[in-house]
Structures are given as C-alpha cells and as structure tokens.
Amino acid sequence: MGSGQREQFDNPVIEWVDSRLPVFTMMQREYGVFPTPRNFNYFWNFGAIAMIMLVLMIVTGIVLAMHYTADVTKSFDAVERIMREVNGGWLIRYMHMNGASFFFIAVYIHIFRGMYYGSFKKPRELLWILGVVIFLLMMATAFIGYVLPWGQMSLWGATVITNLFSAIPLVGDSIVTLLWGGFSVDNPTLTRFFALHYLLPFVIFAVVFLHVWALHVTGSNNPLGIDTKGPQDTLPFHPYYTMKDTFGVLVFLLFFVLVTFYAPNMLGHPDNYIPADPLVTPAHIVPEWYFLPFYAILRAITFDIGVPFTEIVIISAKLGGVIAMFGAIALWFVLPWLDTHPIRSARFRPLFRTFFLILVADFIFLGYIGSQSADATLFGIPLSYMGLAATAYYFIFFIAILPWLSRNEKGRDLPTSIHEAVLEQKKSKSEMSPEAAE
Amino acid sequence: MTKRLILSLAVLPLLMMIAPSAQAAGDQKAAPHQHWHFKGPFGTYDRDALQRGYLVYRQVCAACHSMKRVAFRNLEDLGYNEAQIKAIASEYTVTDGPDEEGEMFDRPARPSDYFPSPFPNKNAAKYANGGAYPPDLSLITKARHHGADYVYALLTGYKEPPADKKLLDGQYYNPYMAGHVIAMAPPLSDGMVAYSDESPMTTEQYARDVAEFLTWAAEPEMESRKKIGLQVLLFLAVFAAIMYGIKKKIWADVH
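The listed protein sequences derive, respectively, from chains A and B.
Each residue of the first sequence is one higher than the one before, counting from 1 in our numbering.
Each residue of the second sequence is one higher than the one before, counting from 1 in our numbering.
Quick caveat, the hints were computed from the structure, so don't treat them as lab data.
Incorrect hints may have been included.
[Said to hold, decoys possible] Each pair of labels, with its calculated beta carbon distance range:
#	chain 1	residue 1	chain 2	residue 2	range
1	B	G40	A	L21	25 to 31 Å
2	B	L234	A	F395	46 to 52 Å
3	B	N81	A	T242	49 to 55 Å
Where is the CB? At the ideal position from N, CA and C, for every residue including glycine.
Whenever a hint applies, use it, and build me the whole structure from the sequences.
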C-alpha cells in the first residue's frame with residue numbers, strides 16, 4: 001500500500017504528508033504509472049462506469065434519506081413530498097431510481113465481459129469471487145430499496161421474495177419472521193429494510209475496494225487473454241486509461257440522462273405509484289427488470305421432485321425454484337473451476353464463444369419470460385415450457401458444457417505477445433485503407 | 001463481424017428493459033395513442049387545456065375523487081395569478097385548529113392548503129360509492145399503464161355490455177377497465193361543463209382536457225425536467241466529444 005521504496009515529491013506539503021502517510025505514492029503507483037495492457041477495448045470501461053454509478057447512488061441516496069421517513073403510514077407521502085416540494089427532489093429521486101437500473105446495466109456488461117474474455121481464470125479467481133459478492137450485495141440492496149417507497153409493488157414484491165425463504169426446510173419460517181420482524185411485511189419490515197438499505201452500499205464500497213485491490217495485484221486481463229510480458233505490452237494507466245474511461249463514462253451517462261429526464265418511469269412499474277394496500281393484490285407481481293432472468297428461473301421449476309412411483313416429495317416445487325434461482329448465481333462463484341481451459345479469451349475458443357453467446361441470448365430471453373405472466377404463450381407454446389428449456393440450457397452450459405469444453409476444445413493458436421498482436425492489427429488495418437496509415 | 005455481434009448482444013439488454021412495460025395488463029383493452037401537447041422531448045402543457053381540465057375536475061371528478069397531493073398554490077403552473085388562486089381557494093372550506101381554546105374551526109382555504117377531499121376517510125368514500133373506492137387522482141396517470149391515453153380511453157370508452165355479460169346494480173361496462181366492469185357511472189356528457197373559450201363542449205374534449213390536467217397533477221415537474229434534461233444532454237455531448245478528441249490525441253502514438 002505505497003510503503004517501501006518511495007520517491008521524493010518536489011512540493012514540500014505533498015512531501016510532508018507523503019513521508020508520513022504515502023497516499024500520493026500510492027495514487028501514483030496504482031493510478032498514475034500502473035502498467036495496464038495496451039489493447040483494451042471499450043468493454044473494459046464498465047468497471048470505471050460501475051464505480052461512478054455506485055458513487056452517484058450513494059450521494060443521491062444520502063440526500064434522499066434526509067427527506068425520507070420509514071413508516072408505513074408516511075413513506076409513500078414522504079417520497080411524493082420529495083417529488084413535489086423538495087427543491088430538485090424529483091431530480092435526485094429520478095437519478096436514484098434510474099441510477100439503480102444503469103448500475104445494473106454496467107455491472108451485467110462487466111460480468112459478461114469477464115466471462116467472455118476469461119477474466120475469472122487463474123490468477124484472478126478471488127478477484128472474480130469478490131465481484132460476485134458485490135453483485136449479490138447489489139441485488140439485496142436494490143430489492144430492499146424498491147420496498148422503501150411503500151407502493152403496491154414494494155409491498156407485494158417484498159412479500160413474494162421474502163416468502164421464498166420459507167421454502168428452506170426447518171429454519172425457513174424463522175428466517176422469514178426475522179426478515180419481517182413480525183408475521184407479515186409491515187412497519188418493522190420497512191424500518192429494518194431502510195436501516196439495511198443505508199448500510200449495504202457502504203459494505204459494497206468496502207468489497208469494491210478489495211475487488212480493486214485484488215485487481216492491482218494480478219493486473220488486468222485483456223481482450224487477447226494472454227499475460228503481459230513487459231513494458232512493450234503495457235501503457236501507464238494515466239493518461240491513457242484515465243482519459244479513455246472518462247470518455248466511456250460520459251457516453252454511458254448520456255444514455256442514463258436520456259432515460260432519467262425523458263422517460264424516468266420507463267423502467268419502473270405503474271403499480272408502485274399506488275400506495276401499498278395489504279388488502280389488494282396487484283394483478284401481476286413483477287420484480288424490477290434486473291431480477292427478471294433469475295425470477296424466470298425461480299418460476300421455471302413448477303414440479304415436485306420426489307421418489308418415482310411414490311407420493312414422497314423430497315424437494316417441493318417451491319424449494320426447487322429457490323434452489324435453482326440461488327444456484328444460478330452460486331455457479332458463478334465456482335466458475336473458475338468449471339471452466340479450466342488454459343486459453344482465457346473467447347477469441348481463440350470458437351466453440352466456447354458460440355455456446356457463450358447462446359448463453360447471453362438465453363439469459364436475455366429468460367428476462368423476457370420473467371416479465372410475462374405465468375400463463376403467457378409465445379407462438380402458441382406456453383412460455384413456462386420455454387422458461388424450463390432456457391433454465392435447462394443455463395445450467396447445462398455451466399455444469400456440462402464448460403467442463404467438457406475445458407477438456408476437449410483445442411482452440412486457436414495464441415499470439416506470442418500483446419505488442420505483436422497490436423502491431424499486426426495495425427498492419428492489416430493500414431493495408432485495408434492506405435490513407436488511414438498516414 | 002465478431003465485434004458487431006458482441007456489440008449487438010450488448011445492446012440487447014437495453015431492448016429487454018422495454019419488456020416489463022410491454023407486459024399484458026390483464027384482459028384490459030389497450031388504450032389507443034392520442035396526440036398530446038406534452039408528448040415528445042420538447043412537449044409542454046397546454047395552459048388553456050389545463051385550465052379547462054381543472055374546471056372539469058372541479059365540477060365533475062371532485063365530487064367523488066380526492067386529489068390530496070396538489071395544493072392551490074400549485075395552480076400557478078396553470079397560468080393563474082396570485083389573486084385568482086386566492087379567489088379559487090377561498091371558495092373552499094377547510095378545518096383548521098385547534099385554536100387557543102382547543103377547538104377545531106372552519107375557515108376559507110388559503111393558497112397553501114391542499115385540495116380538500118370529498119370524503120373524510122376511505123371508508124366513508126367507499127360507503128358513499130357502493131363499496132368501490134374512488135382512487136385519489138394526484139398520481140393516476142403515473143399509476144396506470146399508458147397514463148393520459150388510459151384516462152381518455154376510460155372516460156370515453158363506456159359501452160353497452162355484451163349479451164353474455166351480467167352486470168349488477170351500480171356496475172357499468174368499460175373495456176378499458178381491468179375486468180371490464182367499473183363502478184363509476186359514465187361521468188361526462190356533452191355540454192355538462194360550460195367552457196368560456198371556443199373549445200367544443202363534448203365528452204371527448206372534456207376527457208382530453210381532464211387527462212392533460214391529471215398528467216400535470218402527476219408530473220408537475222415535467223417541463224423543467226425536459227428543459228434541464230436538454231441542457232445536461234448538450235453539456236455531456238460536448239464534454240464527451242472533447243474527451244474523444246483528447247483520447248484520440250493521447251493515443252495517437254500508440255495506435
């Protein structure tokens with residue numbers, strides 16, 4: 001952490017501080033001269049983008065907390081008061097609301113980029129696992145945050161999701177009572193959710209710190225997935241990637257601003273503008289869009305699993321769904337040991353690449369299925385069958401296809417170094433368009 | 001080719017986001033799109049329509065529907081001046097107190113008061129309306145799919161029930177309502193509200209004006225939101241263009 005050998009700074013104040021607490025040396029080492037592969041594409045922007053979104057969420061969230069009241073009789077009014085009476089309140093709240101969605105967009109791209117280019121493989125397993133922890137914490141925080149406005153979808157979404165834990169044998173009901181602070185989703189649930197919603201972002205921040213620390217030990221992966229071999233393969237982080245990340249962040253923010261100002265409720269559900277009413281159940285209870293693929297996996301298991309030809313049920317449909325849903329994310333934790341192929345980047349693994357792109361399409365399709373009602377059909381086929389098929393592919397990909405490919409896929413020849421690959425690319429580019437060669 | 005495929009896959013989640021809003025809303029008929037003055041990135045509220053819509057709300061809807069999140073002072077947005085707002089407010093009576101002797105008392109409403117509700121509580125509202133609760137209208141266009149289109153379609157969409165549909169007393173047939181059965185009698189009819197301008201005094205015009213007014217009530221910040229949004233977009237676009245130039249220049253020796 002910046003200790004050990006240290007170079008003198010010319011500015012006496014900086015030198016005074018740095019010789020006592022080497023923060024400037026650390027910044028210089030980790031963000032100034034930090035050697036970074038020279039061949040990143042724009043998919044490598046999303047880590048920085050996610051970081052910006054986290055900060056944006058924390059800042060807007062703290063301001064919202066100043067005006068919010070956690071009480072079932074007051075919360076809905078408190079949010080509307082923020083929207084109508086608080087100066088700039090609508091802006092802060094719409095930024096927070098849509099910020100959650102765009103945080104998830106950035107993180108989903110970041111995760112699938114990591115899978116595509118094999119960023120989770122040795123020696124970056126722990127870095128990857130910390131990332132999955134961040135994702136889980138984000139899901140918990142987002143789910144809890146959606147409850148706070150105390151609209152219809154807040155109440156009923158919370159009821160459906162917390163009830164899932166009751167499927168756990170033996171301790172399930174106790175866990176649900178503990179989550180609720182009573183026997184239904186009510187005031188104690190809301191107040192503890194508010195406390196946790198304020199706490200968890202800082203936990204996320206701490207894990208992000210560990211995630212970045214681990215990154216700075218191993219160094220970044222790159223689109224070729226081969227290790228850097230020397231200074232000719234890398235660039236100092238500043239100014240090359242500070243400037244590229246700033247550009248990427250700005251483009252991302254353009255999309256964020258477009259939605260926040262021109263379609264602020266596009267990603268939400270109208271029912272959450274109806275105050276929560278425990279006596280009226282909404283026609284369709286749907287979670288926020290970023291949970292939909294996992295919601296579809298949860299709903300895909302509609303059958304009990306038991307001993308054949310008997311009435312004995314070992315895993316009920318409900319428990320099966322819950323296991324599948326949590327299992328879908330749990331698989332990500334062991335991904336480095338499911339895909340052990342020595343080649344990291346999908347660029348040199350055509351088979352993996354094909355199966356992986358199908359997985360991405362499958363995941364998006366699951367999201368679509370999750371958004372539809374349980375009895376919907378597509379082209380005359382019940383969507384629940386397709387949900388089961390899509391869920392099956394998801395699990396087969398991780399449990400069967402990845403290990404099989406790890407042993408059997410030959411893969412293409414890897415370039416000898418990043419430097420040479422970049423030079424070759426430049427050469428082929430200039431052959432294609434001679435005027436661009438200059 | 002590879003890059004394009006990956007990029008299109010990256011864009012797909014954006015398309016996916018539209019899916020939740022496109023989900024089926026029961027067996028309701030989808031409200032047809034109407035042309036609205038407030039639609040589009042530069043759309044603003046039509047002040048005349050807002051004032052007419054407020055008139056319709058006051059004379060018709062307010063008999064049963066509360067609008068408790070809107071204050072008289074907010075009517076400034078509709079183009080009324082301070083004196084007009086004071087005059088409008090003073091037509092209403094609100095209960096205030098307790099006074100120095102501990103008694104509650106009635107007084108004329110002030111601009112700082114919120115619209116008084118027609119019923120003292122939810123149960124009273126239900127009791128007076130055959131068991132159906134007339135929802136508060138402050139947020140109605142945000143609380144329904146298709147917002148203003150839905151309000152317009154519902155208000156103008158009453159029909160004779162199909163032969164196989166049995167309706168109870170106090171029930172009406174409306175295909176835009178979830179379940180097609182609504183407890184609200186057709187609220188509007190031609191000529192029932194007297195407009196002081198040249199606008200036609202028809203059910204359609206009343207419905208259109210009140211839908212615009214309700215959209216304002218739900219999203220009073222819309223005009224400043226769009227205006228600030230444009231400024232932010234322009235700022236970010238220019239900043240991003242500059243950063244692109246800087247990035248290109250810095251990377252020139254690498255590429």
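**Request:** Please write out, lowest number first, the hints stated earlier that are contradicted by the structure.
**Result:** 1
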